[in-house]
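Enquirer: Chains G and F are the protein sequences, given in the same order. Under my numbering, the first residue of the first sequence is numbered 20, with each subsequent residue one higher. Under my numbering, the first residue of the second sequence is numbered 2, with each subsequent residue one higher.
By construction, these hints were calculated from the structure, which means they are not laboratory data. Take the hints with a grain of salt, since some may be wrong.
A short, non-exhaustive set of chain G residues, derived as facing chain F with CB atoms under 7 Å [claimed, not checked]: (1) ALA38; (2) GLU100; (3) ARG102; (4) SER103; (5) ASN107; (6) ALA114; (7) PHE137; (8) ASP141; (9) ASP147; (10) VAL148; (11) LEU151.
Glycine residues also receive a C-beta, built at the ideal position from the N, C-alpha and C atoms.
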Amino acid sequence: MPGPIQSIERAAAILRLLARGSGRLGVGEIAESLELAKGTAHGILRTLQGVGFVEQDRDTGKYQLGAALLHLGTSYLDVNELRSRAINWADALAARSGEAVRIGAPLEGRVLVVHHVFRPDDSLQTMDVGTLLPLHATALGKVLLAYDTTLKANPEPYTRRTLVTQTAIKRACAKVREAGWAAENGEMISGEAGIAAPIRGHGGIVVGAIGVSGAAERICEPDGAPSPRLLSQVRDAARAVSRDLGASRW
Amino acid sequence: MVQRYVMSIDQGTTSTRCILFDARGRLVSVVQREHQQHFPRPGWVEHDATEIWRNLSRIVPQALADAGATAEQVVGLGIANQRETTVLWDRRTGNPVGRAIVWQDTRTDAMLEQLAREPGADRVRKLCGLPLATYFSAPRIRWLLERTPGLRERAERGDVLFGTIESWLIWNLTGGAEGGVHVTDVTNASRTMLMNLRTLNWDDELLEFFDVPRAMLPEIRSSTEVYGTTSRVVPGIRIAAALGDQQAALFGQTCFAPGEAKCTYGTGSFLLLNTGPTPVLSTHGMLTTVGFKIGDEPAVYALEGSIAVTGSLVQWFRDGLELIGSAPEIETLARTVEDNGGCYIVPAFSGLFAPHWHSEARGVIAGLTSYITKGHLARAVLEATGWQTREVVDAMNADSGLALSTLKVDGGMTADNLLMQFVADVLDVPVVRPMVAETVSLGAAYAAGLSVGYWPDLEGLRRNWHRAGQWLPAMDPARRDSEYAHWRQAVELTFGWMRPAPAAAAPGSDLVEVLLADHRRFEQLLRDLRNAEADRPALVAELAALLVAHATATERIVRPEAPAEPFADDLLAVLEGDDFEKALLRLENVVDAHVRGEERGLLNELRRSMSTSDRTGLGRAFVAERRRQLDLDCGAVHHVRELGDRLKL
Numbered sequence: 020m021p022g023p024i025q026s027i028e029r030a031a032a033i034l035r036l037l038a039r040g041s042g043r044l045g046v047g048e049i050a051e052s053l054e055l056a057k058g059t060a061h062g063i064l065r066t067l068q069g070v071g072f073v074e075q076d077r078d079t080g081k082y083q084l085g086a087a088l089l090h091l092g093t094s095y096l097d098v099n100e101l102r103s104r105a106i107n108w109a110d111a112l113a114a115r116s117g118e119a120v121r122i123g124a125p126l127e128g129r130v131l132v133v134h135h136v137f138r139p140d141d142s143l144q145t146m147d148v149g150t151l152l153p154l155h156a157t158a159l160g161k162v163l164l165a166y167d168t169t170l171k172a173n174p175e176p177y178t179r180r181t182l183v184t185q186t187a188i189k190r191a192c193a194k195v196r197e198a199g200w201a202a203e204n205g206e207m208i209s210g211e212a213g214i215a216a217p218i219r220g221h222g223g224i225v226v227g228a229i230g231v232s233g234a235a236e237r238i239c240e241p242d243g244a245p246s247p248r249l250l251s252q253v254r255d256a257a258r259a260v261s262r263d264l265g266a267s268r269w
Numbered sequence: 002m003v004q005r006y007v008m009s010i011d012q013g014t015t016s017t018r019c020i021l022f023d024a025r026g027r028l029v030s031v032v033q034r035e036h037q038q039h040f041p042r043p044g045w046v047e048h049d050a051t052e053i054w055r056n057l058s059r060i061v062p063q064a065l066a067d068a069g070a071t072a073e074q075v076v077g078l079g080i081a082n083q084r085e086t087t088v089l090w091d092r093r094t095g096n097p098v099g100r101a102i103v104w105q106d107t108r109t110d111a112m113l114e115q116l117a118r119e120p121g122a123d124r125v126r127k128l129c130g131l132p133l134a135t136y137f138s139a140p141r142i143r144w145l146l147e148r149t150p151g152l153r154e155r156a157e158r159g160d161v162l163f164g165t166i167e168s169w170l171i172w173n174l175t176g177g178a179e180g181g182v183h184v185t186d187v188t189n190a191s192r193t194m195l196m197n198l199r200t201l202n203w204d205d206e207l208l209e210f211f212d213v214p215r216a217m218l219p220e221i222r223s224s225t226e227v228y229g230t231t232s233r234v235v236p237g238i239r240i241a242a243a244l245g246d247q248q249a250a251l252f253g254q255t256c257f258a259p260g261e262a263k264c265t266y267g268t269g270s271f272l273l274l275n276t277g278p279t280p281v282l283s284t285h286g287m288l289t290t291v292g293f294k295i296g297d298e299p300a301v302y303a304l305e306g307s308i309a310v311t312g313s314l315v316q317w318f319r320d321g322l323e324l325i326g327s328a329p330e331i332e333t334l335a336r337t338v339e340d341n342g343g344c345y346i347v348p349a350f351s352g353l354f355a356p357h358w359h360s361e362a363r364g365v366i367a368g369l370t371s372y373i374t375k376g377h378l379a380r381a382v383l384e385a386t387g388w389q390t391r392e393v394v395d396a397m398n399a400d401s402g403l404a405l406s407t408l409k410v411d412g413g414m415t416a417d418n419l420l421m422q423f424v425a426d427v428l429d430v431p432v433v434r435p436m437v438a439e440t441v442s443l444g445a446a447y448a449a450g451l452s453v454g455y456w457p458d459l460e461g462l463r464r465n466w467h468r469a470g471q472w473l474p475a476m477d478p479a480r481r482d483s484e485y486a487h488w489r490q491a492v493e494l495t496f497g498w499m500r501p502a503p504a505a506a507a508p509g510s511d512l513v514e515v516l517l518a519d520h521r522r523f524e525q526l527l528r529d530l531r532n533a534e535a536d537r538p539a540l541v542a543e544l545a546a547l548l549v550a551h552a553t554a555t556e557r558i559v560r561p562e563a564p565a566e567p568f569a570d571d572l573l574a575v576l577e578g579d580d581f582e583k584a585l586l587r588l589e590n591v592v593d594a595h596v597r598g599e600e601r602g603l604l605n606e607l608r609r610s611m612s613t614s615d616r617t618g619l620g621r622a623f624v625a626e627r628r629r630q631l632d633l634d635c636g637a638v639h640h641v642r643e644l645g646d647r648l649k650l
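Chain G extracted, bound-state conformation (with noise of 0.2 Å):
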C-alpha cells in the first residue's frame, strides 16, 4: 500500500486555509503560511482552479473557495438541464443519422428517457419521454452500468438475448469500459438494436448517455456487429455534449 500522496495532502491544506478567515489569499500568502516554494502553490492552486473548487478574482489576483466546491454535495445533473443542453447535438445526430436519437439518465435502478428525437422520415411516433428502460438490456443503461457502480441492473429476461446472469453483465460493463461505447441488439425487443456512448460532466463524471436506436438491420452490420458509420456519429455527438457540460478531456 503506498503512503499518502503529497500534493494532494497539500491541495487539502490549501483549500482549508481558503475557507478560514476572509477567505481571499494571495498566492504568496498561501505559499508562507504553508511553508511551501511559491512555484509550488501556484502550481496546485491553477489545479483546483480548473477543476473549480477555488477562483482568481481578476481584478486582485487572489484565491477564493470556488462554486464548484460549495454545490459538492448536490454535484448530479437536473435532467432538464441535461436535455437543453443537449437538444441541439440530438437534433443533429438525428439528421445525419436518419435514426432516432433518446437520452437517458439513471432512475430509481431504471434509465430515464429524458429527450427523444424522431426519427427523421415523419412516420407516426410518439414521444417516448418520461418512459422507463431496463439498464441490462439497452444500449444506454449497459452505458450507465458501466460507469456507475452504485446502480444495480435487475436482470429479467426480456429476449433470448438478455443478458440474465451479473457475470454476463459485469463482462459487458467491462467491454464497454473499454471501448467507450455500448451496444444492444435484439436484446429488449426482438429485431431492434441501439448504439450508445457516455455523456459526461465536470471532471468527466457520467452524467447520462445518448444513443441511436430502430430497425437491427438499419443499425448493425450484416454480422450483427453495429454500423461504424452510426458509431463515429454516436461518440461525436457524445463528445460535442460533453464538451459542453465542461468536460474537458474527453
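For chain G, the structure is supplied; the task is to place chain F on it using the hints.
Expert: Structure of chain F alone, referenced to chain G:
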C-alpha cells in the same frame, strides 16, 4: 460532383450569423459574431451599422472556409434580419448618419402621442396594418429628419438613403457607394408604416402623414428574387432572398398554407399565422403584416401576435426569486407537484399586450393559499406562457375565421417538455418541433434556394422539414375550460392597477361612453332587424349576446344593488317565439325604455358624482366583464332562460 450550398445570413438584435446549408437543408457550417449594444439614454437603443457590416465581412469568408467551399459553390444568399431597425446613410460616402435606431428604442414615444391626435391618424392602421407604436421605422425617420440640421434637404435630394438592416447590407454587398442596389423586401417594408398593405407600394398618404420624402426610400421587391450579385466581401454570389426574422421563421417552419402558424418561444414570443392572399385587419390588436412574397406570385399575409413576457418570466423566477439555479430546472421543480394547486401568475410586468392591451395593468399571483409551494409557483410560471399563447391563438382564430390545426414551435423554451405538453393541452391542437432549430436562418436559406431554383417548389421544401418531436393534447375538455376561466379571472385582476392621470385616459374607456356606445349599438341592431330581408338570425344572435352581456356587466360592476330590467322573457320570445314581428316590437319597447331611463338617470348621476379616473377604472372593468360574458356565449337560449328565471326570483 461538386457540392453546392445555400448561404444564409441572420442579422439579429445581438449578433450576426452566417450559415451554409446543403441540399437537404442540413447545417454545414456556422459562424457568429456579436455586436455592441449602445444605450446612450434611458429608453434609447442603438447599433453601429458600420460594425454590423464589418462583422458580416468577416463571418462570410469564415463560413465558406469552415465548409471548405468557394463562392462558386454557393448558389444563392438569403438574408433574415432584425426588423424595424432604422439606418440612414450617405449615398456618396456610404457612411451612416449617426447610429442605427433599434426596434426596442422608445424615443419616439412622445412624438407618437402627438401624431395620434393629428388628422389622418385613424387611417394609418387601415393603410399599413400597424398601430402607432414605437417599434416601427417611420416615426424614427421623422425623428432623425427633424433633429439633424440639413438632413431633410439631403434626404429630399436623395443624397441620404433610408433602409432597414437588409437594405443596408444588400446596398453594401452590391458595391456600396459604387453602384450599390437600394432595395428592401416586402416583409421588411411592411414594418415601416409607410407601405400600403394592399398595393405593396409606398403610400402617399402615409408618406405625408409621417413627413418622409420618397426620394430616400428603397425600391420594394419580392422576398424571393435576385436583387443583385455581390461585388464585395466574397464577389460573385447572387443575393436571392430577404425576409424579416419572424417572417423567415414562418418560412423556415414551412407555414406556406393559410391556417399554418408558428410560435418562437424566447424571452418574449412571436406567433405568426399565415392568412393567405388577403390581409386580415384585426379587431383584437394583432398586427397585420406581409408573411412573404415569392417572385411574381401574389403576396401571402400573416397576423402577428407577440407575447411580451414568456422566457423572461422564467428568468425572473431564477434571478428575482432565486427559486431555481438555471432556467431548465423550472421543469424539475414544476414536476414535484401534480398541478398548479389553484395558483395563477399573470406576468403583466409592464402592462398587458395582445389581445388585452391594458398598459395600466400590472402582474399578479392569484389564488394563493397556505397549500401553495414553490413547485406550484413553478407550474404557474410555465402555464402563464401556455395561456398567453391560447389568448393570442383565440384572437387570431376570431380575426381570420381560420381554426389553427397545428402549432409549429421553435426557440429555447421548446426544450421544456412540460411546457410544450401544456401548450398542446390548452390549445387542443398538436404542437410540433422541427429538426432544425435554426428556423430563422433556415427560412432565409429556403427562400434563397427557391429563388434560384436550387429547390424546385414549396413542396420540395416541405420534404426537407422533419418533425423532431410532437406533443398531442391530452387534457380533459372540462378541466381545460375551468382552468381557462380561472386564468381569465386572474387576468381581470391585473386591470386598472396603475391609475392613469385623468387627462391620459384612453378615449372610449370612460364608463359613461362605454354604456352610451352599447345603447347606440342596441338601437342600430333593432333598426336593422325591422328589415325582413336582413340576415335576421345573425342580428338576433348579436343582439341577444350584447343585451345579456350588457345587463350582466351592469348588474355586477355598476349597480349590484339594483336588479336588472326584466327583458329576458321578451328576448326569449324573439329568439324562439312564434310571432317574430310582435315579439320584436315588444323587445324594442323594453330596450327603448331602458335606454331612456339610464341616460336620463344613471349616466347623469355618474357624470356628477364620479371622477374621470374612477369612471375609467369602472369602464375597464365593465368592458372586461362584458367580454367575459360574450366569450361564454351568454346569448345562447339556455343562458337567456336562466337569466329570466333569476330575475323573477
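Enquirer: Return the numbers of the hints above that this structure violates; sort them in rising order.
Expert: 1, 9 and 11
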